[in-house]
Every structure is written in C-alpha cells, then in structure tokens.
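Kindly produce the complete structure, drawing on both the sequences and the hints.
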Amino acid sequence: MRRVEKTLGKQVRDSVNVPIMLFTIALLAYGTVMVSSATAGMTGGSGLLKRHVLGVVVGLVPLVVAWAIDYKKLKHWTGPLLTLFAFLLVSPRIPGLGTTAKGATSWLQVFGVRLFQPSEPAKLVFIVIMAALIAEYEGRIDKPRDAVRLLGYLGMAIALILLQPDLGTGLVFVAIAFTMLLVGGMKGRYFAVLGLVAVVGIVGILGIDSTLDRIVGHDVALKDYQKDRLLVFIDPGRDPAGAGYNLAQSKIAIGSGGISGTGLKSGTQSNLHFLPERHTDFIFAVLGEELGFTGALLLLGLYLALLISSLAIAASSRDLYGALIVAGVMGMWLFQILENIGMTVGMMPITGIPLPFMSFGSSSMVTNLGGVGLLLSVWSRRYGT
Amino acid sequence: MTTFQQQLKSRFAALGLIVILVLASLLLRLWSMQVLSGESYAAQAKNNRIREISLDAPRGRILDRNGKELVTNRATLAVSVDPANDDVRKLIIEAQSADKTDDPTRADLERVFGGVAELLGMTPAEVFEKVSDSRVEALRPRVVAIDVPLDVISQLSERQQEFPGVRIDEVAVREYPYGSLGAHVIGYTGEISEKQMAASDPTAGYELGDIVGKAGVESQYENVLQGDKGRRLIEVNASGKPQRIIDEQPAVPGRDIKLTIDIEVQKVAEQALADAIAEAHRQNFRNAEAGAAVVVDVKTGEILAMASAPTYDPATFLGGISQAEWTKLTDKASEYPLNNRAVMAAYPPASTFKAVTGLAGLQSGITYSGKTYSCAGKWVEMGKQWPKWCWNHSGHGTISFDGGIEESCDTVFYEIGYEFYKRKKEELQSFSRTFGLGSDTGVDLPGEVSGRIPDAAWKKAFNENYPEYQTWLPGDTVNMAIGQGDLLVTPLQMATTYAGIANRGVVMTPHVLKDVLGSDGKVARSYEPAILADSGVSAENLAIMRNALVRVTTQGTGAGAFRGFGVTVAGKTGTAQVYGKDDYAWFCAFAPAQSPKYAVAVVVEQGGHGGSVTAPAARNILAKLLGQKITTVHTTDNSR
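One line per chain: the protein sequences are A and B, in this order. Read in the numbering used here, the first sequence has 338 at position 338, and its numbers run on one by one without any break. Read in the numbering used here, the second sequence has 290 at position 290, and its numbers run on one by one without any break.
Everything labelled a hint here was simulated from the structure, so no lab data went into it. A few of these clues could be false.
Unchecked claim - Partner residues are not named here, just some residues of chain A that face chain B (Cβ under 7 Å, in silico):
#1 V110
#2 L182
#3 V183
#4 I254
#5 G255
#6 G258
#7 Q269
#8 F274
#9 F293
#10 L302
#11 L304
#12 L307
#13 L311
#14 A315
#15 I341
#16 V345
As the list claims (entries may be wrong) - List time: in silico DSS-like cross-link candidates among lysine-lysine, alpha-carbon distance up to 27 Å:
#17 K9(B) <-> K72(A)
#18 K50(A) <-> K10(A)
#19 K195(B) <-> K229(B)
#20 K424(B) <-> K371(B)
#21 K46(B) <-> K265(A)
#22 K371(B) <-> K299(B)
#23 K9(B) <-> K75(A)
#24 K9(B) <-> K143(A)
#25 K73(A) <-> K9(B)
#26 K384(B) <-> K424(B)
#27 K522(B) <-> K299(B)
#28 K371(B) <-> K460(B)
#29 K187(A) <-> K9(B)
The beta-carbon is built from N, C-alpha and C at its ideal position, and this holds for glycine as well.
Structure, rendered in structure tokens:
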C-alpha cells in the first residue's frame, strides 16, 4: 500500500460513492415532491412540507458524522452502544420523557416538546452492535450455542420494542437480523428455526395476549387495534369501516391511478381525505394515485438502484464487519419498502412503518440518512488495512 | 480468491436475489392493480366521492273549474328515522329474520325508540312499525311523523344523541283546503310501491320512496302533476361533507291542473248523498251505508261533481299511513271507503233503465207513444209456470206506454222485453250499447269498471261449467227490460246515458280534467270534448221519452221529491233488487227538461226506494246547479 502518497483530493474522491449519493438525492427529491402534493390540501400543509425539508437537512448531520467516523472503531464500543440501545428503547416509558401516540408509547419528549421516536435511531445502533457480535464468528455460525446467543440478542431487542408496543418496528429488527445473519454465515437450518420461532412467537403472543386481556379485563401488551390490523390483513372485508377501511381506501387510490395517474395534487382519494395518514405511512398510495404505475415503477427502480449500489459497497468492504453493517442497513430498507408498499396494496398487514426517504417524519429521515452515512463510511475505508 | 471470499460472494448474490424478488413481487402486484384492474378501482374511487342527490320537483296543484285550490302543497317538518343507524338496523334485521324468538322485545323498542316516541305521542311499537315498513327502500330514512310541533323539534335536535337515527327534514306534503271534499276524484298520494315502480316508464326516473299519486286524479294525471326531478352531482370528502357541486339540473315543477269539478256543487252532492243515506235510515233501511252521486254536463261530458259514500280523508295518507289505518280503510266492515263507487261499482239499474228499454222499443217499432197495455199485477205471457209480477201487485189496469214510464209499470216493459226476445235479434242489447253501456266510458279516473250488457254469448261463456244454465231464455230479456237480471251499470254510466238522452242521443265522453296549466298559470292544454257514443235515436222518439220522464217528476213516482221545484226535470226512479240485500235506491235525471244542461245519477246501496231516498238528493244537487232552493224533502215511494 502506498497510503502516504495519497493526496487529500484523492482521499475525498475515494470516499465519495457517486451512485449511492445520486440515488439518495433522487429519492429525497421524489419524497419531497410527494409530501408536497400530499400536504397541499391540508391545513398547515406548507408547514408540514417545511418540516419535511428540515428533517432532510437535520439528517445530513448523522450522515456526515457516520461518514467521518471510521466504522471499525465502532466495533470496540459495543458496551456503551448496548447501554444506548437499551436507553433508547426504554426511554419512552420513562415518566417525563415518553409520550403516547396512536396507542404506542414510542416518542421521546422533553419539556413537553416531542423530539423523535427513539426506536428509529435504535435500528442503526442495533445494526452496529449486531455486526460486531456476528463478525466475531468470522463468517461461520454453525454451533447451536452461537446461534442461540445471537438470536437471544435479537429476542431481547424485540422484547424491548414490544414494551412500547410497536409490532412493526419489531419486525424491522427481525428483518435486519435476518440479512446480517445471512451475510454472517448462519447455517440454513437456524434460519428455519428462526422462521419457526417467529411464527410460533406471533401466534403465541396473540394467544397469550388475548388470554391476558381477558384475565386483566383490559388491553395489556398488544393493543386491540394491532391485533385487528393483523386479522384484517387476513380478511380485509372483516370491518371495512374500521381497520379494513384504510386498506380498502389505499387500494382504491393506488388502483385508480392506472398507468399514468391523476397528476400531482389531483388525486381525489388523497385530497378528499379518503386516504388516512397520507403524508406519512400511506405516502405510497398518494404516489400510486397521482403518478400511477409509471411513478411506482420509477420509485421501485430508484430503490433497486440504491440497494444494488449498497450491495456493491458491501462487496467492496475490506472486512466482514463492514459488510455486515451494510447488510443490516440494506435489510432495514428492504423490509421497510416491502412492508410499507406491501401494506398499501394489501400484501402485508398494516403497521406504522414509514417508507424510506419518502414518508414525512424526521425520526425515520434522520435514521435513513444515518444509514447512508454508515454505507459511505464503509465505502471510504475500503482500501484500509 | 479464498473459500471464505467465495462464500461471501454467494451470500451477497443471495441478498441481491432477495432484493430483486421483493421489488419484483411489489411491481407485479402494482401491475395487476394499476394496469389490469385500474378502471375498476377508478370506478370505485368515483363512487367514493360522487353523490347524486335528487331534487324533488314540487307537485302540481289541483284546482276546481273556477280556480279554487282543491289540493296544494305546504312545507312541514318531518321526523324521520334512518334505518342505517346501527341500533335501528339491528332491530330491523331481528324483526325480519324468520326466527320469531329473534323479534325485538318491548324493552329493545323502548330503549331505541322510547325517547322519540314519547315526544311524538306515539308508542315505541308504532314508531318501529313505520321504520320497519318493508315497502320502502332499505336505506331511505322513514318518515315517522309530520307536522311535528316546534317545541318537540327543538327537543329532538338539542338532545340528538339520545334518539338513535332520528333526523329532522323539511318536506313538502299535500294540503287539502276542502278536507275530504272530493276525495274520490282527487285521490291521494303516497310512497311509490315496488309494483308501481316496476310498472313505471324507466325514463320517468322514479326512485323508491318517491311520492306519487295513488288514486283518483292524483294517479290519473301523475305524469302531469309529478314534474321532473332535478339532479345534483356533488363531490364529497371522506366524512361525506359536500365539497363542490359538479353538475346540477334543476327540478321542473309539476303542472297545475284544473278540474271540471265545481267544488260548491261537489259539496252539495256529498251532503245530498249523506242526507239520502240518513233518509234511508229514517225509512227503516238500516243497512244503507254506501252510495254514489254523479253530475255531468250533457253537452261536454264534464263531470261537475262526483260523490261516493262512505268517504275518507286523503290527509290520512300524509307522512305514511299506519298499518291500522290502512286496514280500517280496506276492511269490508267499513264498506271500502277508498272505492270510488261512481266508477268502480256496478249495480243493476232497475227502473232507471226503462228509459233505455223504452227508447229501444220506440226505435224498433215495438211500441209507440199512447200504445196501451193491460197490467193485472201478475204477468203470465211466458207461461203460467213463469209468472212475473208488476211492483204494483194489484195492477195498473189499462195503461199507456207513457204512463208505464210515469208509473214505472213493470208489465209494460215485460211486454216490450218479451217482444224483443221473440224477435231474436238481441236488439235491446245492441241498442243499450249505442249509449255506451257495457263498456268503459273512458272517464279519466283509474279503476273504472265496464258493467255488463248480458247476451246469449255472454251467458254461454259465463256458465261454461254449468251447461244447464247456458241457454238464453225469454226471462233473461224480460228481466233486462226492467233493468234487472244480469244487467250491471255504474252510476257514471247511468249519468252519461241520461245525458245522452238529453243531448239529442249523443253521449259525450265523461271527464274530470278541464285544463292543464302552464308555468305561467295560463291554460296550456284543454280537454277536448269527445263523442263516446251516438245512439241515433230520432228526435221524435227522444221527445216522447223526455215528456214521459217529465211526467215522472210532475205526477209519477218522482213527483213527491220534486214538488215545488222551479225547473222542469226529466227523471226516472229505480229500486233495484239485489240478492241477499235490501233494495238499492236509484234516481237518474236531466234538467232543465226542454234545454238540458245537466244529467245526474244517484244511487244508495240498500237504501230502499228511488222516489223517496235518491230523488230528493238529485233534487238538491240540481237545485244547486239551477239556482233553486235546497230543501229537505220527505216523501214516499213504493214503486220499483
């Protein structure tokens, strides 16, 4: 290596990954256009749009910070990071810090000012921690004890999430862990066990929860609306005016968009309020209605480009640890794309998971841009020792 | 490349594959929804946001011939219950289920409707009866009460959450300034039935729940009165709040119509009919409860008054009639007050028909003015085993044809009838038909029956299953000659027949519509008088009959009723025998006899004798028309 000969200019050029940055910027622009269209007819719509743009700007801070930090150093911070992780997930429950919205205690609030949803940045912390843990096995996880240990960490994380309770975010953690374990070399049969545990777990949780509800006489742990959402997914006609209403309206919006859509700000489903949560969780339904299949194709194309570029970074990583971090970020994005778009078209149960780079919401924006920062950090240090 | 790096590469490939699979499955789903099913979703989106509201057109008014308002509209506050309300819907579903144990309990009804019922002065069960009425479209709010006092309205709207599904709307309802006067001609309105709906012209645009004419003129001229509903397309948001009007087509109000009825004459006719029934009771005909009276203009066929007893109040139907009231109005015990007996009931005309038989005899040469007959009371021309009696069992002795009309001598008409029988040409039947008898008069009122002129062909068909009764016998013609046997006529037919005799033998089509008015209040269209039938009777024979009919009211069976009347009246009494009933009283006339203007027919079921019961009624009706004094006449009559 002729590191000493590297000029500063070359250093900067090396650390820039043009595809990732390009696609990220394209997605942010696309998202801003959609949020602008979705909030156009709302009271205080322009304020929401400003907040969205502000979220993007604020998100540049973690991006730059993560980029600047040598990701390898993070490997040694597992202890403090675990503490941070636990704090982030428990904080909404701490009196004076947490607040409840839509049935979930998932916001951090100081002096009455809602700051962010700690479970969002916790995703990145989880990725960094899990990468360190998995990397220890050097790409071979074939002992049951090792698998159990790693899945144990995942289980703890999910247990903390369900405290809030936030089923969707819990599923994001499972997806992150899945991709990381795949790259980390976990044996196929453990994945089977993981899948089995997940299914038994969900059924078991629903069952235990219902029993608990009956014993206690009111909702404990899982909220009824969460159970409803899962059940409506199985049978959308179950309650068209209640939980199934969102799904039905979302499908009508997307389907009615046809090939070319109704045009920005002209979607009736969106502008006449038939679509719920249209600038946040159901932003894709607005896109589907107003820009049609063409717009959806463009979005999925950008996501594909982003993910394949990420995969290239993973492949370029000089160590397994870096590759694992990239895999974690990819898993986070891919699952959120699948879950968010999937729920708007009735393929997935309805949960409150935002669409990366598109949905209104600073917490997720900051997290996703932080994820980009992690990718760039891995990329810029691909030639290191 | 190390084995580990190769392994890592394959894991990246697997991850890449997962990425592609996930995105491809989303894309496939979007392709199916947006490209393949896009139109169906687009239609759903349109359904979501577009509501069509129909704008009711004000119904046309109904005026009498002098422009007096018989039916008009007024706005009223109506309390309705929306069956889409969860509590209400549950009760309806329970009540409609086959399982009787599911029926809502009194406590259920009290819980849901107790509050509103108490304020409206109804029972919860009565409220529910209106709500669960299956004749109305499932989702349309049901009117429970109209003309609700303002203090009740304000209580209902202030404490709305206590009254599940209750709404308050301003609705237009019919108003009847003259109450029940002319009810049978005017008819009533109500919500369109599914049957009417199915029968209506699809382009008329009726919707379930629409108010339409159900009887009388309201029904007959429904398409004139109804007007064209307007349409408004509005865009609503998710909470159903209207955002903007996309399209609007204003309602076209229904046309006003002017009837030939003179409400003042109608008033007298109804009173005279009621008095006749009371007079029948006084004469010990206790079963008299029903009857009819009709007045037509002999030259035009215009109906100036048409009364039917018993009557009803069309206002009962406003806001939906209750089951109990409906049952009462359609029950046999109440003598079917909804029926307009003037056109819907057919009776044997009895001696009033002798004018027709007489003219037939004159025209065919069987008889002539001054021809003498011998009445012994008992008439055995058809053989001793088939004796017939004159109403006057002691006999009229030697009596002329003209005297036979005057005294209503049956023997004279047995002779004429028997002669017709012997000629075997059914001339009496065909002559009767030249006055329009035996078929619809074509009056512009619904439900008209055609009566019956019996002949050999009819008898054969009628007794299809009784071969021994199929032969036309001498007695059949003889009975018909005195207006009995199988002969049936409506009161309106008798009025038009007498109008025909008065109008040089020409019968005009009777009608109640005079004009249809335009939106400017001026006449847009008028009923053109039309000839229904031309009997072709000679002026000479008509004069003979007119003179004979005048003798009836001056010295014959109708003389008592017309004593002191200032105008000469040509009329005929009748007393019909109906199997198993008391005699039906008839009187038919036209006046003034020399320059006839009006013809009148009055009948009272089981009222006894024409001369003493219905002739006084006809006298008062004619008195009103001809500017004579209306008086109460008590007289006697034993004739038939």
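Results for each hint:
Among the interface hints, the one on V110(A) is violated; its C-beta lies about 35 Å from the nearest C-beta in chain B, farther than the 7 Å criterion. With a cut of 7 Å, the hint placing L182(A) at the interface with chain B holds, because the nearest CB-to-CB distance is about 6 Å. The closest approach between the C-beta of V183(A) and any C-beta of chain B is roughly 5 Å, which is under the 7 Å cut-off, so the hint is satisfied. Hint status for I254(A): holds, given a least beta-carbon distance of 6 Å to chain B, under 7 Å.
The closest approach between the C-beta of G255(A) and any C-beta of chain B is roughly 3 Å, which is under the 7 Å cut-off, so the hint is satisfied. For G258(A), the suggested interface contact is upheld, since its CB lies about 4 Å from the closest CB of chain B, less than 7 Å. Satisfaction of the interface hint for Q269(A) is found here, the shortest Cβ-Cβ separation to chain B being roughly 6 Å, below the 7 Å cut-off. Satisfaction of the interface hint for F274(A) is found here, the shortest Cβ-Cβ separation to chain B being roughly 4 Å, below the 7 Å cut-off.
The beta carbon of F293(A) comes within 4 Å of a beta carbon in chain B, closer than 7 Å, and the hint placing it at the interface holds. Checking L302(A) against chain B by beta carbon gives a least distance of about 10 Å; that is not within 7 Å, so the hint is violated. A hinted interface residue such as L304(A) counts as satisfied when its beta carbon comes closer than 7 Å to some beta carbon of chain B; here the least separation is about 5 Å, so the hint holds. Because the beta carbon of L307(A) sits about 5 Å from the nearest beta carbon in chain B, less than 7 Å, this interface hint is met.
The beta carbon of L311(A) comes within 5 Å of a beta carbon in chain B, closer than 7 Å, and the hint placing it at the interface holds. Checking A315(A) against chain B by beta carbon gives a least distance of about 5 Å; that is within 7 Å, so the hint holds. At its closest, the beta carbon of I341(A) sits 5 Å from a beta carbon of chain B; the interface hint therefore holds under the 7 Å criterion. Proximity of V345(A) to chain B holds as hinted, the smallest CB-CB distance being about 5 Å (cut-off 7 Å).
Simply put, K9(B) and K72(A) have alpha-carbon atoms about 21 Å apart, close enough for the 27 Å limit, and the pair holds. With a C-alpha separation of about 36 Å, the suggested pair K50(A) and K10(A) falls outside the 27 Å cut-off, and the hint is violated. Annotation: proposed proximity of K195(B) to K229(B) holds, straight-line Cα distance about 20 Å (limit 27 Å). Of the pairs offered as hints, the one joining K424(B) and K371(B) holds, with about 22 Å between alpha carbons and a cut-off of 27 Å not exceeded.
Straight-line distance between C-alpha atoms of K46(B) and K265(A) comes to about 16 Å, which keeps the hinted pair within the 27 Å bound. Between K371(B) and K299(B) the CA atoms are separated by roughly 32 Å; this puts the pair beyond 27 Å, and the hint is violated. Pair hint K9(B) plus K75(A) holds up; C-alpha atoms about 23 Å apart against a cutoff of 27 Å. Taking the CA atoms of K9(B) and K143(A), the gap is about 22 Å. The hint holds against a cut of 27 Å.
The suggested pairing of K73(A) with K9(B) holds, with an alpha-carbon distance near 25 Å, which does not exceed 27 Å. Only pairs whose Cα atoms come within 27 Å are accepted, and K384(B) paired with K424(B) is accepted, the gap being roughly 22 Å. A distance of roughly 24 Å separates the Cα atoms of K522(B) and K299(B); the hinted pair therefore holds under the 27 Å criterion. A distance of roughly 35 Å separates the Cα atoms of K371(B) and K460(B); the hinted pair therefore is violated under the 27 Å criterion.
Distance restraint check for K187(A) and K9(B): the Cα-Cα separation of roughly 16 Å lies within the 27 Å cut-off, and the hinted pair is therefore satisfied.
Hints 1, 10, 18, 22 and 28 from the list above are not met by this structure, while the remaining hints are.
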